[in-house]
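Protein chains in written order, with this note's numbering: chain X, 96 to 665; chain G, 320 to 514; chain Z, 9 to 406.
Hints are computed from structural coordinates only; laboratory data are not their basis.
Be aware that one or more of the hints could be misleading.
Distance condition first, Cα-Cα at most 27 Å in a straight line; then the derived DSS-like pairs of lysine-lysine [stated by the list, open to error]: (1) K448(X) <-> K118(Z); (2) K415(G) <-> K378(X); (3) K69(Z) <-> K448(X); (4) K660(X) <-> K118(Z); (5) K141(X) <-> K79(Z).
Chain G stretches covered by chain X per the calculated footprint, using a threshold of three residues with CB under 8 Å from any CB of chain X [what the hints assert, rightly or not]: (6) 388-396; (7) 436-442; (8) 471-484.
Taking CB as the label site, the calculated pair distances span [stated by the list, open to error]: (9) N233(Z) <-> S118(X): 24 to 30 Å; (10) A356(G) <-> G413(X): 56 to 62 Å; (11) T278(X) <-> A436(G): 32 to 38 Å.
In this text, a Cβ means the ideal position worked out from N, Cα and C, and glycines have one as well.
Spelled out from the first residue to the last, the chains are:
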Amino acid sequence: MIRGKKSSRLSIFPAFTLTCFLSAIVIGLVSTWLQAFGYLPSIGFKHFSLASWVQLFSYPGFGSSLRATLISGIGATLLALTITFTLFAASFQNRFWRLLKRMLAPLLAVPHAAFAIGFLFLAAPSGWILRLLSPTITGFQIPPTWSIINDANGLGLMVVLVMKEVPFLVLISLGALGQVDVTRSLAVGRSLGYETTQVWYKIILPQLYPKIRLAVFAVLAYSLAVVDIAQILGPTVPPTLAVQVFRWFYDPDLEFRLLGSAGATLILLLVLVSMGLLYLLEKGVQQILRIWLVNGQRRPGLSVSVQLSNLIVMTIVGVSCLVILVLLVWSFTWRWRFPDFLPQAWSFHFWEKGLTQINEPIRNTITTGITASFLAIILVIGCLENEVLLRKRGIKTGTGRILLLIYLPLLIPQIAFLFGIQVTLATLFLDGIWLSLVWSHLLFVLPYVFLSLGPVYRSYDQRITDVAVTLCQSPWKAFLKVKLPMLLRPVLFSAAIGFSVSVAQYLPTLFVGAGRYDTITTEAVSLASGSDRRIVAVYALCQLLTPLLVFLSALLIPRFYFRNKKGLRV
Amino acid sequence: MFSPLNLEIKAGEIASVMGPSGCGKSTLLSAICGNLAEVFTLKGDVLLKGISILSLPMEKRRIGILFQDDLLFPHMSIAENLAFALPQKMARNKRKEKIKEALERADLVGFDKRDPATLSGGQRARVSLLRSLLAEPEALLLDEPFSQLDQELREQIRLFVFESIREMDIPALLVSHDPRDCPPGEIINLANQRM
Amino acid sequence: MKRTSILVLLGLMLFGTVTVFADDWSVITKKARGQTIYFNAWGGSDVINDYIRWAADEVNKRYKVTVKHVKVTDIGDVVSRILAEKSANRDTGGSVDLIWINGENFRAMKDNKLLFGPFTDKLPNYRLVDVENKPTVLFDFTTPVDHMEAPWGMAQLVFMVDTARADWHPANMNQLLRFAKEFPGRVTYPAPPSFFGTTFLKQALLELVIDRETLYQPVEQSDFNLVTAPLWKFLDELHPLMWRKGATFTSGAPEMKQLLNDGEIFVSLSFSPNDASNAIINGELPDSIRTYVHTEGTIGNTHFVAIPFNSDAKEGAMVFANFLLSPEAQLRKAESTIWGDPTVLSVNKLDPKDRKRFANLPLGVATLSSSELGKVLLEPDASWVSALEKAWLKRYYQ
Numbered sequence: 096m097i098r099g100k101k102s103s104r105l106s107i108f109p110a111f112t113l114t115c116f117l118s119a120i121v122i123g124l125v126s127t128w129l130q131a132f133g134y135l136p137s138i139g140f141k142h143f144s145l146a147s148w149v150q151l152f153s154y155p156g157f158g159s160s161l162r163a164t165l166i167s168g169i170g171a172t173l174l175a176l177t178i179t180f181t182l183f184a185a186s187f188q189n190r191f192w193r194l195l196k197r198m199l200a201p202l203l204a205v206p207h208a209a210f211a212i213g214f215l216f217l218a219a220p221s222g223w224i225l226r227l228l229s230p231t232i233t234g235f236q237i238p239p240t241w242s243i244i245n246d247a248n249g250l251g252l253m254v255v256l257v258m259k260e261v262p263f264l265v266l267i268s269l270g271a272l273g274q275v276d277v278t279r280s281l282a283v284g285r286s287l288g289y290e291t292t293q294v295w296y297k298i299i300l301p302q303l304y305p306k307i308r309l310a311v312f313a314v315l316a317y318s319l320a321v322v323d324i325a326q327i328l329g330p331t332v333p334p335t336l337a338v339q340v341f342r343w344f345y346d347p348d349l350e351f352r353l354l355g356s357a358g359a360t361l362i363l364l365l366v367l368v369s370m371g372l373l374y375l376l377e378k379g380v381q382q383i384l385r386i387w388l389v390n391g392q393r394r395p396g397l398s399v400s401v402q403l404s405n406l407i408v409m410t411i412v413g414v415s416c417l418v419i420l421v422l423l424v425w426s427f428t429w430r431w432r433f434p435d436f437l438p439q440a441w442s443f444h445f446w447e448k449g450l451t452q453i454n455e456p457i458r459n460t461i462t463t464g465i466t467a468s469f470l471a472i473i474l475v476i477g478c479l480e481n482e483v484l485l486r487k488r489g490i491k492t493g494t495g496r497i498l499l500l501i502y503l504p505l506l507i508p509q510i511a512f513l514f515g516i517q518v519t520l521a522t523l524f525l526d527g528i529w530l531s532l533v534w535s536h537l538l539f540v541l542p543y544v545f546l547s548l549g550p551v552y553r554s555y556d557q558r559i560t561d562v563a564v565t566l567c568q569s570p571w572k573a574f575l576k577v578k579l580p581m582l583l584r585p586v587l588f589s590a591a592i593g594f595s596v597s598v599a600q601y602l603p604t605l606f607v608g609a610g611r612y613d614t615i616t617t618e619a620v621s622l623a624s625g626s627d628r629r630i631v632a633v634y635a636l637c638q639l640l641t642p643l644l645v646f647l648s649a650l651l652i653p654r655f656y657f658r659n660k661k662g663l664r665v
Numbered sequence: 320m321f322s323p324l325n326l327e328i329k330a331g332e333i334a335s336v337m338g339p340s341g342c343g344k345s346t347l348l349s350a351i352c353g354n355l356a357e358v359f360t361l362k363g364d365v366l367l368k369g370i371s372i373l374s375l376p377m378e379k380r381r382i383g384i385l386f387q388d389d390l391l392f393p394h395m396s397i398a399e400n401l402a403f404a405l406p407q408k409m410a411r412n413k414r415k416e417k418i419k420e421a422l423e424r425a426d427l428v429g430f431d432k433r434d435p436a437t438l439s440g441g442q443r444a445r446v447s448l449l450r451s452l453l454a455e456p457e458a459l460l461l462d463e464p465f466s467q468l469d470q471e472l473r474e475q476i477r478l479f480v481f482e483s484i485r486e487m488d489i490p491a492l493l494v495s496h497d498p499r500d501c502p503p504g505e506i507i508n509l510a511n512q513r514m
Numbered sequence: 009m010k011r012t013s014i015l016v017l018l019g020l021m022l023f024g025t026v027t028v029f030a031d032d033w034s035v036i037t038k039k040a041r042g043q044t045i046y047f048n049a050w051g052g053s054d055v056i057n058d059y060i061r062w063a064a065d066e067v068n069k070r071y072k073v074t075v076k077h078v079k080v081t082d083i084g085d086v087v088s089r090i091l092a093e094k095s096a097n098r099d100t101g102g103s104v105d106l107i108w109i110n111g112e113n114f115r116a117m118k119d120n121k122l123l124f125g126p127f128t129d130k131l132p133n134y135r136l137v138d139v140e141n142k143p144t145v146l147f148d149f150t151t152p153v154d155h156m157e158a159p160w161g162m163a164q165l166v167f168m169v170d171t172a173r174a175d176w177h178p179a180n181m182n183q184l185l186r187f188a189k190e191f192p193g194r195v196t197y198p199a200p201p202s203f204f205g206t207t208f209l210k211q212a213l214l215e216l217v218i219d220r221e222t223l224y225q226p227v228e229q230s231d232f233n234l235v236t237a238p239l240w241k242f243l244d245e246l247h248p249l250m251w252r253k254g255a256t257f258t259s260g261a262p263e264m265k266q267l268l269n270d271g272e273i274f275v276s277l278s279f280s281p282n283d284a285s286n287a288i289i290n291g292e293l294p295d296s297i298r299t300y301v302h303t304e305g306t307i308g309n310t311h312f313v314a315i316p317f318n319s320d321a322k323e324g325a326m327v328f329a330n331f332l333l334s335p336e337a338q339l340r341k342a343e344s345t346i347w348g349d350p351t352v353l354s355v356n357k358l359d360p361k362d363r364k365r366f367a368n369l370p371l372g373v374a375t376l377s378s379s380e381l382g383k384v385l386l387e388p389d390a391s392w393v394s395a396l397e398k399a400w401l402k403r404y405y406q
């Protein structure tokens, strides 16, 4: 093949995307680090010092905050991983598995905030589960004084994180397993005498883990630094580190911004150290398990019964359904006292009220989401097309390195660089502007769009476009009239994913929007600690429905467009 | 999928099943080793050494299977791949012995710590066969075992496989769409058995 | 001849000043047309949000000023933002045009020169304000207002009890302790530094302190530990008897109201004497809820609206503030079915029709009359707030 130039007309796309990304993250991080060490000239702090760090470590309740963060963060990740592996090993392809697979997309589409709010309504001592059981089974006429959520160690928070993260890890694993011949590996393993679960543990899962490692790290980073769910379900006195840092940013005493930056940097360090430990653990396990792998043990020593695994599937699916149901019931409630099983009085009032109030937040959410995902699609397609062009010239693109860069915004906790981004934007008078908000959402939308569109794009048979180009003499026309329509469904689907990522953004909207832009998510979270569950339920349901509707259109539009073309209706 | 079929294979013999793609060759093998997909139903019986094994799960049937992909486990070395097939109760030195023997047979002495990805196609095919044989199966199934190999290699591996099976004195059933793959012996053409 | 000319001159001067005054306001209203103001106000009460929406609609209709209600959870956040803007030398184009504020936040803004003003003397409706009988209109937590913020309404700390669950209610803090002993796990208060948490601390301190006068002086002038010792002793006894044994706290009065409705707690608090009645009408609380106060008196204050120094829509903000002070708006605000927030106006200064309307306002079912509301305790000096918050954090963030 003729070696062509390394750059092409389209290389502006990856160049621009990378600059956007990396510059934002680098600037954000560096600026946050400067603040952490006392340097914030715009507020008058011009000398480097370790004062904020001293303040951080001596802040009342620091130890408890740290402990709750680590328990909920690392605990959730390890537990979610274990559960995911168990589900594959014990329930793969059985009835429950098929249920899980079907529910995977809806489970993932439920935004974290809405899920947390619904879970609160479900599991609190005065929640629906206890209302179902009282007074007949439990004998309670008033709610018990149990401590279920908001516990000091973050266990309630951990449980909810696990329930959201297992579907995510299952989805990623399913994708990664495409590179492993599962059926045949199972066949070979079983023919050698090993039970199915044992084949999974010894053969398939060890091959799977390295492929999902980045996703696991992303889960770890998220769990350690999550703010919105932790505000709703986490400990309160003191809260987790991320919530505490978030509050410091808003303190009227501006010196607390330096303290917040130090805290955010500490969270980043925690994430990096945890990732490092997890990596070492992986290598350690690899070494120790070498002996176990070949000891010939055909049946698992610790038998995880299939029943337990099926139960886990039912719990996750069941709880998620109940969460949505409880939100629906509360949204139509007028009066509902404990321990009634259902409301005494129903009403449409709060839906009427909510739908009129929700105008502006929904408008902001939708315009920002659509713009961000639209821009992301353009950038991603540009980068992928550039890849195609380079491949034609025989230049190999390092997909491994690019993957790491794409994952970067997901591996670095948002709070660790949003402080810096806010200060930079404020100095440039760019904060509070809608375009800045879109850009901040774009940072997080891009990776997901890339991850979902990339594989599909790369598996497209380029020869069809080549033929089209010979027919119409214009690569642009061939792209628009042949390639794009053929890829319409995956493109729209990736756009829908990007949109739902934008909808769920909480911290960027608050930091970059400077309070000017209410989105459905910021409204729902701020109302969650309010007094009226009915209106919160309406907001949470709207937060849920918005991406769901976009997904539906992403699925239905191509179906309509190609209703007469069987070949494109996969 | 196909009309009723009667087949008897004696120890050390290799029977072949041929037919175009989609006629059910692989399904037949799945049915025998116990890996039949739920959508299919099996009418009839499978007897090994005169005893019906139909009620046994796949891992208990003692029937080995080889696919066209060598399916060597990439996270284990060659020696570990081979060791995987050995029974749990075997003593450590006996294990080492068996692995050494197998590597000698495959003409791969000194390859124990090697990464499977660094071996050639032919070398991997040999290791894969030996792995199946180390488990001491009572019968062996081969699903298009040579179709991944290029022509020159094919003859070599073919001879290696047939020899090893005869040495082990177990019945074997080979499935292929290429008549050259089939050893001398009984050949059934499933195309003639279409429903 | 000379006398007439002097009279004419005086007349002209008088006419002149009146015209100048009227001119001032009409200039302001003219400039305000078409402006959009971002009104940062607490968004935790639906009732208040609805009222603000009504006021925004009216002002839009009458003065063509667009009011956007930015719902805030803690007003300290907004002060923080404005301070950051000032430090970054952002003297125009600020993100906040009008802010609902009082107490230590007002003091912070005034001290840091974050406020525009004085401006309330320019508002025509300001002359109706009851500066004679409501001292908190002129002194916000002992800080002189100096026309830098426009009064909006009166607030008094009240408590609520579920009479269906408890047959008596506490008359002071010590009785609250007894109440908690009888109903363990059914009493709580929000965690400081949230607004209501700090208020609870102040109320407790006012009741338990030996010499109340020290609280009206700056905190630096007292031995903090000595003065607050009875407070910490009280809380140390209360916490193990509290909801969730004091291991977790609510975030504010709204969350407590929900718990009260659920029956998880039996008492709650509010700054609006009409809160309970409103909640009962809305279905937020059952009709067994009743409001009560502590017999020695509870904290009361005035809440205000203020304009940041860097607002680009100061005229629009002033027009809105003036509207909020109008008899029509104050009357609607005081209606128990709408909000029930007491007025800052002096009924004697109103014209007879409005006076009658105020007199005829019905009380909500769970609202106490002004006589029943009892004594109003003045807020301590603003410097005590952050000192109390810091000390609480140190003790109870385990």
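Are there hints from earlier that the structure breaks, and if so, what are their numbers?
As far as the earlier hints go, 1, 4, 5, 7, 8, 9, 10 and 11 are violated by this structure, in ascending order.
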